[in-house]
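Please construct the entire structure, taking both the sequences and the accompanying hints into account.
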Amino acid sequence: MRRVLINFAHPAYQKSRANRVLIESVRDLANVTINDLYENYPDFLIDVDREQDLLRKHDVIVSHHPMYWYSAPALMKEWQDLVLEFGFAYGDEGTALEGKIAFNAITTGGAYEAYTAEGYNQFTVRELLRPFEQTAALCRMTYIPPYVLHSTRKLEGKDCFIEPGSCYRKVITELRDGTTNLPEIQMREYLNDGLMMQAGLPVER
Amino acid sequence: MSVEQTLIAAAVYLIAALVTVVIAKRLGLASIIGYLGAGVLIGPAVLKFVGSEGEDVMHFAEFGVVMMLFLIGLEVQPKKLWSMRRSIFGLGGLQVLITTLLMAGAARLFGAPWNESFVIGMMLALSSTAIVMQMLDEKGLLKSLGGQSSFSVLLFQDLAVIPILILVPLLGSGVAHAAGDGHGGGMDTGPIGLLKMLGMVVGIIAAGRLLVRPLFRLVASTGLREAFTAAALLVVILAAVGMHAVGLSAALGTFLAGMLLADSEYRHEIEVDIQPFKGLLLGLFFVTVGASINFGTIAGNWESISLIVACLVAIKAGVLIVLARFFGIRGRDRLIFSFALAQGGEFAFVISTFALQSGALDPDRASVIISAVALSMLVTPLLMIPVERAADKLNLRKSEPEMDEMEGKAGNVIIVGFGRFGWTVGRLLRANGFDTTVLDLDQTSVTLLKEHDIPVYYGDGARVDLLRSAGADDARAIVVAVNEMEDSMVIVRGIRKNFPDTPIVARAVSMRHHHALLQEGVEIIEQEVFGAALDLGESLLKMLGYRAYQAARASKKFKKHEIEHRRELLEVWDKEEAKSLFARERARADQMEAMLSADEEMPPDSHEAWSTGEPEEESSGAATG
Chain A
1 MRRVLINFAH PAYQKSRANR VLIESVRDLA NVTINDLYEN YPDFLIDVDR EQDLLRKHDV
61 IVSHHPMYWY SAPALMKEWQ DLVLEFGFAY GDEGTALEGK IAFNAITTGG AYEAYTAEGY
121 NQFTVRELLR PFEQTAALCR MTYIPPYVLH STRKLEGKDC FIEPGSCYRK VITELRDGTT
181 NLPEIQMREY LNDGLMMQAG LPVER
Chain B
206 MSVEQTLIAA AVYLIAALVT VVIAKRLGLA SIIGYLGAGV LIGPAVLKFV GSEGEDVMHF
266 AEFGVVMMLF LIGLEVQPKK LWSMRRSIFG LGGLQVLITT LLMAGAARLF GAPWNESFVI
326 GMMLALSSTA IVMQMLDEKG LLKSLGGQSS FSVLLFQDLA VIPILILVPL LGSGVAHAAG
386 DGHGGGMDTG PIGLLKMLGM VVGIIAAGRL LVRPLFRLVA STGLREAFTA AALLVVILAA
446 VGMHAVGLSA ALGTFLAGML LADSEYRHEI EVDIQPFKGL LLGLFFVTVG ASINFGTIAG
506 NWESISLIVA CLVAIKAGVL IVLARFFGIR GRDRLIFSFA LAQGGEFAFV ISTFALQSGA
566 LDPDRASVII SAVALSMLVT PLLMIPVERA ADKLNLRKSE PEMDEMEGKA GNVIIVGFGR
626 FGWTVGRLLR ANGFDTTVLD LDQTSVTLLK EHDIPVYYGD GARVDLLRSA GADDARAIVV
686 AVNEMEDSMV IVRGIRKNFP DTPIVARAVS MRHHHALLQE GVEIIEQEVF GAALDLGESL
746 LKMLGYRAYQ AARASKKFKK HEIEHRRELL EVWDKEEAKS LFARERARAD QMEAMLSADE
806 EMPPDSHEAW STGEPEEESS GAATG
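Here the protein sequences come in this chain order: A and B. According to my numbering, the first sequence is numbered sequentially starting from 1. According to my numbering, the second sequence is numbered sequentially starting from 206.
To be clear, the hints were calculated from the coordinates, so they are not data collected in a lab. Treat the hints with care, as some may be off.
Okay, derived cross-link-like pairs now, DSS-like style, lysine-lysine, Cα gap no bigger than 30 Å in a straight line [what the hints assert, rightly or not]:
1. A:Lys-77 - B:Lys-765
2. B:Lys-764 - A:Lys-15
3. A:Lys-15 - A:Lys-77
4. B:Lys-747 - A:Lys-77
5. B:Lys-762 - A:Lys-15
6. A:Lys-15 - B:Lys-483
7. B:Lys-765 - A:Lys-15
8. B:Lys-764 - A:Lys-77
9. B:Lys-702 - B:Lys-483
10. B:Lys-762 - A:Lys-77
11. B:Lys-747 - B:Lys-761
12. A:Lys-154 - A:Lys-77
13. A:Lys-15 - B:Lys-702
14. A:Lys-77 - B:Lys-761
15. A:Lys-77 - A:Lys-57
Computed from a prediction, not measured in an experiment: that's the story for all the values here.
Encoded structure:
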């Protein structure tokens with residue numbers, strides 16, 4: 001049983017329906033810790049010791065955030081800048097994160113089609129997440145495909161979120177219990193491939 | 206003298222002193238010259254207002270010297286003294302020894318018998334603490350290496366008086382001395398006498414350590430300024446009298462007492478209370494010195510006297526220059542050091558009286574030497590003028606100061622008022638390594654904090670002299686954190702007037718106070734409850750359902766909005782600076798109204814902040830995804 005840490009960063013959580021559903025769908029899972037960054041550090045004074053401790057105690061590190069300008073909200077960056085210290089996360093002596101699993105769980109208003117070479121975002125989500133991927137690599141972590149919820153603004157009405165919610169829960173549970181092996185997971189485009197439908201439609205490739 | 210005569214004499218002295226000092230200052234001379242001049246003027250030489258009673262006045266005024274040593278002691282902490290021991294005993298010791306021998310040799314050449322030569326040597330080796338310290342202080346040279354070295358030498362000379370006074374009678378022709386006349390009252394050098402001396406010194410140290418601080422604590426708790434002044438004077442007088450009674454130098458006793466109090470929280474208050482007495486008495490002392498210059502003797506022996514003065518200055522300066530070289534004092538400091546000390550001192554009068562009593566000195570010779578000493582005291586401040594100019598012109602390199610600074614700490618932060626507000630500010634500063642000097646009137650907290658090694662001083666920040674003593678001239682900032690508006694404004698105005706270059710940072714207890722502070726040009730002001738109320742409000746918002754980050758932003762935005770509108774909001778007080786209670790109430794009401802309408806204009810977070818609109822949707826604005 002792996003222990004899962006969800007580092008969640010949303011500056012206006014009170015306005016986000018999508019993320020609320022996702023977070024609530026995994027809150028009660030055993031061995032899953034939700035670390036609400038904007039709630040814990042409204043003044044941006046990250047408690048580095050506490051964060052490093054959390055990292056040590058978990059095996060799967062999730063960076064859960066809305067996609068803002070092809071990246072994460074500012075506090076997530078602050079977290080990266082301060083917590084992933086030389087000698088802790090990377091460098092010869094920096095082996096604290098070695099072998100742990102890392103991925104991004106993101107929500108975005110853009111549709112899947114927008115995130116293609118022909119779409120207005122010009123790059124795929126996976127490509128746009130390269131900085132995170134490389135950060136994980138330098139820290140000797142295993143980076144796996146992202147969980148992505150597209151077209152969040154199109155999802156209206158409570159029911160539309162049930163699917164994404166239960167999907168996220170399944171994804172986290174799968175990783176926690178190790179029910180699927182990693183090589184198989186690495187072959188997916190998104191973590192949530194084959195597991196869900198979006199806006200009532202099957203995901204089209 | 207009858208009371209009336211005393212008062213008339215006092216008036217004469219004071220008028221003379223005032224007139225000549227003002228003239229001296231106008232001419233850019235040291236005040237000492239003014240005082241000495243006053244003495245010459247009113248003395249037997251010119252106006253003949255004062256005569257033989259001058260002797261008694263001199264004894265009285267000598268107390269000024271005693272007080273000066275006390276104040277010097279207050280500034281010197283024993284640890285500093287220990288670190289200066291090389292200077293004191295090395296430089297000072299050699300100066301006294303070598304100068305004594307050379308002067309004695311010169312006296313011998315002039316035909317004095319060997320025992321008198323030796324006495325003369327010792328008399329002339331000592332310099333005038335009063336003149337040197339006063340002069341250096343006025344010229345702001347005390348902190349320089351030259352000033353510090355001079356101080357070390359003077360200190361040793363003060364210590365040297367003890368063995369000198371023991372030696373002098375031994376050099377006498379055996380005439381039994383009358384006790385009680387003059388300065389060395391009852392100096393008994395037998396075993397009992399020495400024991401008494403030791404006992405007195407130990408007594409002073411013990412009393413200083415154990416009794417004096419509780420005494421001041423008790424007196425301070427009455428809250429009466431004059432009681433405190435009285436206690437301070439008492440300490441000085443007792444120390445002086447005690448030492449005098451066993452035949453030791455009163456000045457040394459008060460120096461000791463001062464040193465023992467240097468660490469206490471009452472230091473600044475005591476200093477400030479004694480200062481005016483010292484100033485007056487010292488001035489008076491110099492007047493009497495001037496008056497005692499017997500121009501008759503001088504006129505009669507002007508050749509020998511001028512020769513003696515010239516020799517005195519030359520030999521002393523010469524010795525000092527050589528010693529300065531060996532002790533690493535260079536350039537400008539060396540020049541100042543060598544010439545500042547090149548005169549005879551008030552102890553010469555003391556030793557002379559002593560020597561006369563025990564027959565160690567011939568009276569005629571004594572009066573010649575004394576006149577020479579007095580004249581040299583007049584010469585020194587005058588000599589320093591060309592010396593200083595020479596030093597500046599040659600643009601000699603200033604040596605690096607070796608020693609710690611003796612006078613107030615430059616560059617610290619002064620906090621006036623150490624209640625909850627000042628306490629928090631002080632703690633923040635100290636946690637970040639800044640030096641603070643705190644002034645407060647609360648007896649208990651001052652003592653308590655002192656025990657924790659925090660530099661706290663008992664005293665009223667409204668007193669300018671106290672602020673000056675705490676270093677207000679060079680302070681990096683003064684924090685006015687007292688909790689009453691009236692007190693605060695008095696302090697702020699005092700600082701603005703006397704230390705215009707020192708920045709003020711102040712606590713405002715109300716909007717009206719804030720406005721008043723702005724009028725005085727205070728740069729940084731915080732209203733005492735605004736921040737705390739906002740913080741509480743922020744926590745409350747969270748309790749009411751806001752996210753932490755949401756509440757933090759709301760609070761900060763509100764604060765920013767308020768500060769941006771502060772000028773407008775405070776304008777209300779421009780018109781209502783009136784004293785009437787009615788006008789103030791009106792203003793307060795206007796104030797509230799102004800604030801409420803300003804609040805209505807406060808912009809909330811834009812609806813588009815962190816929105817997730819996509820370019821392909823027509824309705825939304827800024828895309829963030």
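Among the hints numbered above, which are violated by the structure, and what are their numbers in rising order?
6 and 13
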